Amino acid sequence: MELTLWTYEGPPHVGAMRIASSMKDIHYVLHAPQGDTYADLLFTMIERRGQRPPVTYTTFQARDLGGDTAELVKKNIKEAVERFKPKTLLVGESCTAELIQDQPGALAKGMGFDMPIVNLELPAYSKKENWGASETFYQLTRTLLKEKVSSSEKISPLRWKESGRRPKVNILGPSLLGFRCRDDVIEIQRILSEQGIDTNVVAPLGASPNDIERLIDAEINICLYQEIAGASCEWLKRNFGMEYTNTIPIGIKNTIEFINEVHKKLDLPLTNKEELEHKSKLPWYSKSVDSNYLTGKRVFIFGDGTHSIAAAKIAKEELGFEVVGLGTYSREMARQLRATAKDLNVEALITNNYLEVEDAIKKTAPELVLGTQMERHSAKRLGIPCSVISTPMHVQDVPARYSPQMGWEGANVIFDDWVHPLMMGLEEHLIDMFKHDFEFVDGHQSHLGHTATKSEDFINPEEKKVKNNKEEIIWTESGRSELTKVPFFVRGKVKTNTEKYALLKGIPEISDETLYDAKAYFS
Amino acid sequence: MSKVEFNKETGPREVFCGLTSIVWLHRRMPDAFFLVVGSRTCAHLIQSAAGVMIFAEPRFGTAILEEKDLAGLADAHEELDRVVNDLIARRPEIKTLFLVGSCPSEVIKLDLATVAEKLNKRFLGQVRFVNYSGSGIETTFTQGEDGALKALIPLMESSNEEKLLLVGTLANNVEDRFKKIFRNLGISNIESFPPRQSTELPKIGKNTKVLLTQPYLGDTVRDLKHRGCEIISAPFPLGIEGSTKWFLSAAKAFKISELKVHEIISPLIDRAKLALESHKEILKGKRLFLLPESQLEISLARFLHNECEMDLIEVGTPYLNKDLMQEEINLLPDNTKIVEGQHVEKQLDRVRETNPDLVVCGMGLANPLEAEGISTKWSIEMVFSPIHGIDQAADLAGLFSKPLRRNQILTTKTLVTH
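Quick note, the sequences are listed as chains C and S, same order.
Counting from 1, one number per residue, gives the positions in the first sequence under this note's numbering.
Counting from 1001, one number per residue, gives the positions in the second sequence under this note's numbering.
Be a bit skeptical, because a hint or two may be false.
Said to hold, decoys possible - Where chain C lies over chain S, by a calculated footprint (3+ residues, C-beta under 8 Å):
no., stretch
1, 1136–1146
2, 1396–1406
Stated by the list, open to error - In silico DSBU-like links for lysine-lysine, alpha-carbon gap of 30 Å or less:
no., chain 1, residue 1, chain 2, residue 2
3, C, Lys279, C, Lys154
4, S, Lys1337, C, Lys75
5, C, Lys85, S, Lys1008
6, C, Lys24, S, Lys1346
7, C, Lys85, S, Lys1346
Everything labelled a hint here was simulated from the structure, so no lab data went into it.
This structure is a prediction, so every number in the text was calculated from the model and none was measured.
Note that beta-carbon positions come from the ideal geometry of N, C-alpha and C, so glycine has one too.
All chains, full assembly: derive it from the sequences and hints.
Put into structure tokens, the structure is as follows:
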């Protein structure tokens, strides 16, 4: 039993819903009690979808449990098939139905339908949302393509040459409730088409069962989100010999590496290599002198595996930040993230507990947090700027404007989204510098709001004594006054360090000189 | 009595389960913690409905069952013990801990009553434990509050003091207004259940006169009756009419004259009618379809028809307790179609066929209906907004007129473009 106040991922059947809702001509009959329909609002409210998820909930009640819940399942399947006429039917159960073991998938298969039926067994008491999405997409792909396995030869990535046409690829992984998937797909398709590569199928987002059957018309697969498409890409490789790409095109370096990888796999010469450096404004913006102040900014990163690993690379290599913390809630990608963390010489944080993440942020005292919406809230409480880089989704993460994370435009978006909170930080600094000028209007706030300027915490005359490790340390007038002169975004750290120093040296009162002594000591 | 048409429907439902009521219950009692014993689905449901991220640390959580908990119940009880110990160590300010059953905990027959009993002994004088079920297989949405309140009744001491007990969670400001009005009427001893602190439970007995503020408290009412309380029969205090009748019923139970009531509330009624006018202008003659969710649907239909002159196409309700709802049903216009239960697909077919001007529905259905060109109002807002009482009548009407007004603004072509 695990105490959970908030969870980064929903249950696995929500993952299955993401696949079903992303696609066309599919219906999902979910054996589930009343209340599980809450998941509909993730799609209709957060994604602002104008369609209901294609899901029928059997809605069993306590009084049904003594009777024949299997009949209820069959009734719902029958009605759903008649009403929605899906080309492929997904059948599964949520956590409670798993306990009563009606085996809805088997029931559906015995009902004499001629459409493909995918029996989803998603263990609700051990797995989570992304796993459920991945498993659903994999089972669906397998069901729709398994008959073609034996008859087809291994697919050569060079087949396009023999056929005398442009190479074709599939883009796999984008789904609803995925981070900026809608726009990433457009960006990646644009990049590929500039290179003379056609998109065969995008799936699951916007695909129909027919499209899944057509996956094998492409030469290779682009695995855009390993969390969702990793298992399917691997299955297609094993059974059809289809190669797939591993590089996630987030950031300039990764996008270039991605383009290289695609060309290499297809044996397609890359003709515009030099041009690629100039496709995005990120490299120049990052090089321009205005960005000097970004150097060595301490950044803490937490999110899903794909986006966290990519963010770490961009932060370090493309923006010149210092990564002080890296973590993910995606246990499936823990190994990869650990490797990245090791390279960066930080400890990897693998957890589903947001309070642990908040503690880690406090401990590492970053100047910027890149995280999920939850980290945005934690960072707000701590007065640290934050940019959101990953799911779980929030209505703000489905912007009206084109706003990808991948490719050239994605890099532009990332530069703006990560740097603007810091720009405001600089503005905050200026406010601090000039706040004693007579023109300064008291109460001026930047967008960070009241929590950002924490001066009151430090200069409140009432708060003369600060408790620390049971010993009392007194900030003298000169110490407090000097502390207010420290830029707000490092003030917390300076305060803690000075107190630590005072404690270490047995100094009972902190004066302005102590502050400088501590600064020298820790530098 | 009006001739109301009753129908029953079964099938797939689009309704929240009782766990959702934790969202307002925990705010009402800031010294209580709600621990759901359930699955990741339960945790995800509550966080999706409650916007948990705004809290540094919420006062509700889920003890998520894992595979090993399902293998042996003895282990599950031990595990729950461990989770509760950790929780109390972390949140020493908690005075009452609600152990909330869920669909999976009910199905595996986890005995939360026994767990609560044991924990009560161990934490005697520090934390009180009560248990109830908010599972979807037994409860809908607002029924969760019924379970929570019912669970508290055994902890309430007896007293034969005469008092008015308002039962059902109200917004604090609304509750204060009600108390002031009752005091002006001459009723001085007024208490609320649930109280604002979980430890300050009202004492009850044969001179306790219970006045319900919410229509979803059937089990609570039954147990209060068993404790000797008198239940005042009244419609619910939504809108001017409902609130007036509600005050009059209470006054009657305390032998206060109708004249006195009118004297106190007439000025309120006058200004509320004035405030209602602009909304009525928009709502008048518009056709309304209520899908089942909050259990407030019948009272809302009564208000929107009788005071805002809307036409009722269909009034859905998750379940129908005819005893509790009798006063409301009596006020409905003839031929009102009440549908108890739901077959969401068939009901949506009827929505499309009848093409209403406004549909009251859950959040899962609102945008899809809007996309079909049908204006909607999400029902969850009714349980989060202060809508009770005469002074709030216009605000309540505003919840319904706003989507229509917005629709008008957005569809009126005022800009000439070439």
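Against which earlier hints does the structure fall short, listed by number upward? Structure breaks hints 2, 3.
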